[in-house]
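Participant: Here are the chains, one letter per residue:
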Amino acid sequence: EDKVVQSPLSLVVHEGDTVTLNCSYEVTNFRSLLWYKQEKKAPTFLFMLTSSGIEKKSGRLSSILDKKELFSILNITATQTGDSAIYLCAVHSGGYNKLIFGAGTRLAVHP
Amino acid sequence: EPEVTQTPSHQVTQMGQEVILRCVPISNHLYFYWYRQILGQKVEFLVSFYNNEISEKSEIFDDQFSVERPDGSNFTLKIRSTKLEDSAMYFCASRRDRDDYGYTFGSGTRLTVV
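Top to bottom, those sequences are chains A and B. Position 110 (the first sequence) corresponds to 110 in the working numbering; numbering is contiguous. Just add 1000 to wherever you are in the second sequence, counting from 1, and you've got the working numbering.
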């Protein structure tokens, strides 16, 4: 059965800290791995990763994929209170590319 | 920036009633999806829709569920006879084509079955 596992499930840090969120997966027919940020409602897209070892970066966020070890990490440096959210990892699998989601990591950044 | 629009944002219904959740995907997108998220749980795939037919569905998507694209712009999810366990946030998503992995999600409809 396809699965996506995220860790930790929750994390509490102070502003300015650096955090690393983990995502491991076991899926058939892997196409890509995506990271989303979910605040109140809809997941908002952060990154899509298809190739191993190539870091994607957007401001203080970065992510990398290891297709051999079947995991990805999402790093957030110099965290701010606005980074508080649930971070979702999802993997594209299958013919019509449905997304399989992990349970998410709930990040709380305190002032 | 183009958006996926969902209505209503919140719907309360009595058990056994039919509900229709509505979505307007981005206009040049070809692949459409419904996902749901029960409170505190994972986002789960329900169904994908392409070329006016269901392309894949999950075990959750049983005979009580149906989808339709009635007029080339709206994409609807119907639940025929709602159960308490159907209470969840329902997300519509779309993407442009087969090589576009960038899903765009709508803001969701919170369905509460009482």
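Check the hints yourself; a few may be wrong.
Claimed, not checked - Restraint-style ranges between C-beta atoms, simulated for each label pair:
1) A:GLY16 - B:LEU1084: 25 to 33 Å
2) B:SER1027 - A:VAL5: 34 to 42 Å
3) B:GLU1059 - A:VAL5: 40 to 48 Å
4) A:THR18 - B:VAL1114: 39 to 47 Å
5) A:ALA78 - B:ARG1110: 43 to 51 Å
6) B:VAL1012 - A:SER62: 23 to 31 Å
7) B:PRO1008 - A:PHE45: 19 to 27 Å
8) A:ASP2 - B:ILE1020: 27 to 35 Å
9) A:ALA78 - B:GLN1064: 19 to 27 Å
10) A:SER51 - B:TYR1050: 38 to 46 Å
11) B:LEU1039 - A:PHE45: 37 to 45 Å
These are calculated hints, taken from the structure and not from any lab test. Glycine residues also receive a C-beta, built at the ideal position from the N, C-alpha and C atoms.
Participant: To test your reading of the hints: which numbers does this structure violate?
Facilitator: 1, 3, 5, 6, 9, 10, 11
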